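Protein chains in written order, with this note's numbering: chain A, 1 to 100; chain B, 1 to 100.
Incorrect hints may appear among the rest.
One copy or any two copies: either way a pair holds, since identical chains are not told apart in the list.
Said to hold, decoys possible - Dumping the calculated DMTMM-like pairs for lysine to aspartate or glutamate here, alpha-carbon to alpha-carbon at most 20 Å: (1) K98 to E49; (2) K98 to D19; (3) K40 to D7; (4) K34 to D66; (5) K98 to D28; (6) K34 to E58; (7) K34 to D100; (8) K40 to E58; (9) K40 to D19; (10) K34 to E71; (11) K40 to D100; (12) K40 to D28; (13) K34 to E91; (14) K34 to E94; (15) K98 to E58; (16) K40 to E94; (17) K34 to E61; (18) K40 to E91.
Don't read these hints as lab results, they were simulated from the structure. Just so we're clear, the structure is a prediction, and the values are computed from it rather than from any experiment.
Each chain, written out:
There are 2 protein chains.
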Amino acid sequence: MILELADIRIHPGQNAAFDAAIVHGVRDVISLSKGFQGFKINQGIENPERYVLQIFWETLENHTVDFRQSEAFTQWRAIVGPFFATAPVVEHFELLAKSD
Amino acid sequence: MILELADIRIHPGQNAAFDAAIVHGVRDVISLSKGFQGFKINQGIENPERYVLQIFWETLENHTVDFRQSEAFTQWRAIVGPFFATAPVVEHFELLAKSD
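With the rest of the complex left out, here is chain A:
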């Protein structure tokens, strides 16, 4: 399993609307994609305009190819893109260790 971490910064003052938009986008668009295995959306305490979206994919290509080259990616960006203050920083990770 692969972890996608998307580091997102939104425009100030739009938290309530963005909260609804990102949950809608993940639940109704991304979660239907091939290889999707789960998600977490975290909101910053020190920086409330910072969100870290975690998406768990079966393989790296499920995100980088299957999702990003699909119509779903366009739908997702139409939902959340208007809130972005800067381009999200997205990288992928493997799990090295975790608590039991």
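Place chain B on chain A using the hints.
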């Protein structure tokens, strides 16, 4: 529950030693701290020298006060600090939503 996200960059070529050190430091030092509830250690695919450490704390102060002002913090930094290429970027997050 609060998520601490520590974004870590290590010197190149030290992955195997750092993997062992960070697991040791979390399991044998941080996990004994008040309010510790769990952890994940993720290693970057695009940037193998990047690690994202997730620590789950009962409260924000369990990390920022109880842990950081304890001897355990000094022990932890002695274990992992020598590997750091830059100062880790650490912030805290609340869970907005997650998959079932």
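Structure-based check of each hint:
1. Within a single copy, K98 and E49 get their C-alpha atoms only as close as 28 Å, which misses the 20 Å cut-off; across copies the closest is 19 Å, which meets it.
2. When the C-alpha separation of K98 and D19 is checked against a cutoff of 20 Å, the pair qualifies only between copies, where the shortest distance is 12 Å, while the shortest distance within a copy is 28 Å.
3. In this assembly of identical chains, the alpha carbons of K40 and D7 lie at most 20 Å apart whether taken from the same copy (12 Å) or from different copies (17 Å).
4. Within a single copy, K34 and D66 get their C-alpha atoms as close as 7 Å, which meets the 20 Å cut-off; across copies the closest is 43 Å, which misses it.
5. Proximity of K98 and D28 under a CA criterion of 20 Å is satisfied inter-copy only: 13 Å between copies versus 29 Å inside one chain copy.
6. In this homomeric assembly, K34 and E58 come within 20 Å of each other (Cα to Cα) only inside a single copy, at 8 Å, whereas the closest approach across copies is 34 Å.
7. Only between protomers do K34 and D100 lie at most 20 Å apart by alpha-carbon distance; the minimum there is 18 Å, versus 28 Å within a single protomer.
8. When the C-alpha separation of K40 and E58 is checked against a cutoff of 20 Å, the pair qualifies both within a copy, at 15 Å, and between copies, at 18 Å.
9. For the identical chains of this complex, K40 and D19 are intra-copy neighbours only, at 12 Å inside a copy versus 25 Å across copies, given an alpha-carbon limit of 20 Å.
10. In this assembly of identical chains, the alpha carbons of K34 and E71 lie at most 20 Å apart only when taken from the same copy (13 Å versus 47 Å across copies).
11. With identical chains, the CA atoms of K40 and D100 are at most 20 Å apart both within one copy (19 Å) and between copies (10 Å).
12. For a Cα distance limit of 20 Å, the shortest separation of K40 from D28 inside one copy, 14 Å, qualifies, whereas the shortest one across copies, 27 Å, does not.
13. In this assembly of identical chains, K34 and E91 lie within 20 Å of each other by CA distance solely inside one copy; the values are 19 Å within and 32 Å between copies.
14. In this assembly of identical chains, the alpha carbons of K34 and E94 lie at most 20 Å apart only when taken from the same copy (19 Å versus 28 Å across copies).
15. Taking the closest pair of Cα atoms, K98 and E58 come within 20 Å of each other both inside a single copy (18 Å) and across two copies (17 Å).
16. For a Cα distance limit of 20 Å, the shortest separation of K40 from E94 qualifies both inside one copy, at 16 Å, and across copies, at 10 Å.
17. Taking the closest pair of Cα atoms, K34 and E61 come within 20 Å of each other only inside a single copy of the chain (10 Å); across copies the shortest separation is 40 Å, beyond that limit.
18. With identical chains, the CA atoms of K40 and E91 are at most 20 Å apart both within one copy (15 Å) and between copies (16 Å).
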